[in-house]
Structure formats: C-alpha cells, structure tokens
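As given, the protein sequences belong to chains A and B, one line each in that order. Under this note's numbering, the residue at position 14 of the first sequence is numbered 1064, and the numbers go up by one with no gaps. Under this note's numbering, the residue at position 118 of the second sequence is numbered 168, and the numbers go up by one with no gaps.
Check before you lean on any hint, since a few could be wrong.
Said to hold, decoys possible - When the alpha-carbon atoms are kept at most 27 Å apart in a straight line, the in silico DSSO-like pairs for lysine-lysine are as follows:
#1 Lys165/B / Lys1091/A
#2 Lys1153/A / Lys176/B
#3 Lys165/B / Lys1153/A
#4 Lys1091/A / Lys155/B
#5 Lys1061/A / Lys1090/A
#6 Lys1098/A / Lys151/B
#7 Lys1061/A / Lys154/B
#8 Lys109/B / Lys148/B
#9 Lys1061/A / Lys1091/A
#10 Lys1091/A / Lys176/B
#11 Lys109/B / Lys176/B
Stated by the list, open to error - To give a feel for the contact side, a few chain B residues facing chain A, derived at Cβ under 8 Å:
#12 Gly59
#13 Pro66
#14 Leu119
#15 Gly121
#16 Cys125
#17 Ser129
#18 Pro144
#19 Leu172
Since the hints were derived computationally from the structure, they do not count as laboratory data. Ideal Cβ positions, reconstructed from N, Cα and C, are used throughout, including at glycine.
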Amino acid sequence: MKEKRLFHLSKEEFGSDMVIFGLEGALNVQTAPEFEEALKKNISEGKKKVILEMSHLNYISSIGLGVIIGYLEETREQGGDIRICGVNDPVIQDIFETTGFPKIIQFHKDLGTARLSF
Amino acid sequence: MADLSLRIGSETLFVPPVVAALKSYALRCGFVEEEATKIAVAVEEALANVIKHSYESRKEGVILIEADLKGDELCVRVSHQGKPFVLEGKRAAPDIEKLEKERKKGGFGLYLIEKFMDEFHLGHEKEWHYYLMKKHLRP
C-alpha cells in the first residue's frame, strides 16, 4: 500500500533563474524543516525567481509562515523575489490575509500569471 | 474527565496526530470543516509554543491536551509544566514588514490563536500552566 505523506514538495526549474516549488499537503510544525531545507538549498543554487505554488496545500501554521518570511528577505538580498500562487483553501487564504502577507509578497491566482509577473 | 484527553511528550513528532484528533473531535461536535481547521491551527500554535518556549525543545516535558463540548462551547486546554508563557505585548497584529526586514520567523502563533478562537486565556493550576481556548458552535 502506498504511504500517504503528510507533505510533499516538488521542484521544477525554468530557464536559468526561475524555480517553482509545488507544495502539497500540510505545512506544519513537523514538515516545515523539510521545506526550509529545500529553500536554503535553492538560495545556494542561485535561482532568484521563486514561485510557491499552493493549489494542493491544505494546511499551514505559523511555522510555515515563518519559513517564508525568513526566505523572502534572503532571496531579495540576492536580487530575486518570491511569488505565491494557487491558494484556494479558505483557511489558508484567511491566514495569509490576517497576518498581512499580501503587503510583502505578490499573490497570483495561478502559475501562469505568477510566471508572467517576473 | 474531558471528552478527549491526550498526554504527549514534548516533541513536534506528536503534534500532527494530536491536531488531527482535535479536528476530528471538533467535526464530531458539529463544527464545519473550515472552523474545525481553525481550531486545529490554534491547537498546533499552542503546542508549538509549549514545545519551543516552555520546554525549550527538551523532549522529556509532558503536555496534556483536553477537549470538551459544554453546551455550544468547545473548550480546549493545553497544559504543561515548563516555563510559563508571558502574554504581555504579544497580542497585537504582527507588523509583517518589520518581521520581514528583521527576518523574524515568529510572532504569528498567538495572534492566530486569538483570531481563530472566540476566547483565549493563559493560566495556572497547581504545578500546571495552561492555554485555555474556547470556540462557540454557530447555527
């Protein structure tokens, strides 16, 4: 029987400087370290245009928000930026809105518009 | 005795199953999916705070989680014997631009508890400190 994973992170690269991380499942206190590790590795690889695709993310807690915040400033210091797209879970939308994330990160409806925004 | 009563060690490994149990309980009590998820988030934030700040990530700590439906009110109590948490100055909406500039990863947890639950108190009883969170069923 296939094991159901709590969190899955996929990575797709476009050109020399864009990377799309697809987040699936729950970004919580247990899974956030895996996400943070992947983002840190990406900084060292020099991919500056980062898209976090969240259409299959169904849960996020403050530790996930903290990972994104920490990574955002570091990416901008390297001359890059982050976009978030595909958020469709109402509670996740509420969490981003209530904590003020749209003030500091561009949100896009889908991957296409997020890619075009760079 | 509470309807739901769990005792875990102070490890993040145990947080997801506890959160899942609380969400199931909230759904069984009659909360809709979205509200049950908000309760789950609040409980995770309380547990994460206890593990990180009260037990300072020491795994030998004990955490008790109790949940009860009293009338139309769900009460969740997360108790621990670590350092008491000081709430003063932590309840304002996070200044996200400042957090970003300072690369601060924290500051959202208590705010989310307050936002997603109808009532939130910290207290202590005998040797236990606790987070008490309440949410009403809405017709």
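Hint check:
{"no.": "1", "hint": "Lys165/B / Lys1091/A", "verdict": "violated, 34 Å"}
{"no.": "2", "hint": "Lys1153/A / Lys176/B", "verdict": "violated, 44 Å"}
{"no.": "3", "hint": "Lys165/B / Lys1153/A", "verdict": "holds, 19 Å"}
{"no.": "4", "hint": "Lys1091/A / Lys155/B", "verdict": "holds, 18 Å"}
{"no.": "5", "hint": "Lys1061/A / Lys1090/A", "verdict": "holds, 13 Å"}
{"no.": "6", "hint": "Lys1098/A / Lys151/B", "verdict": "holds, 18 Å"}
{"no.": "7", "hint": "Lys1061/A / Lys154/B", "verdict": "holds, 26 Å"}
{"no.": "8", "hint": "Lys109/B / Lys148/B", "verdict": "violated, 32 Å"}
{"no.": "9", "hint": "Lys1061/A / Lys1091/A", "verdict": "holds, 12 Å"}
{"no.": "10", "hint": "Lys1091/A / Lys176/B", "verdict": "violated, 47 Å"}
{"no.": "11", "hint": "Lys109/B / Lys176/B", "verdict": "holds, 22 Å"}
{"no.": "12", "hint": "Gly59", "verdict": "violated, 14 Å"}
{"no.": "13", "hint": "Pro66", "verdict": "holds, 5 Å"}
{"no.": "14", "hint": "Leu119", "verdict": "violated, 21 Å"}
{"no.": "15", "hint": "Gly121", "verdict": "violated, 25 Å"}
{"no.": "16", "hint": "Cys125", "verdict": "violated, 21 Å"}
{"no.": "17", "hint": "Ser129", "verdict": "violated, 18 Å"}
{"no.": "18", "hint": "Pro144", "verdict": "holds, 6 Å"}
{"no.": "19", "hint": "Leu172", "verdict": "violated, 17 Å"}
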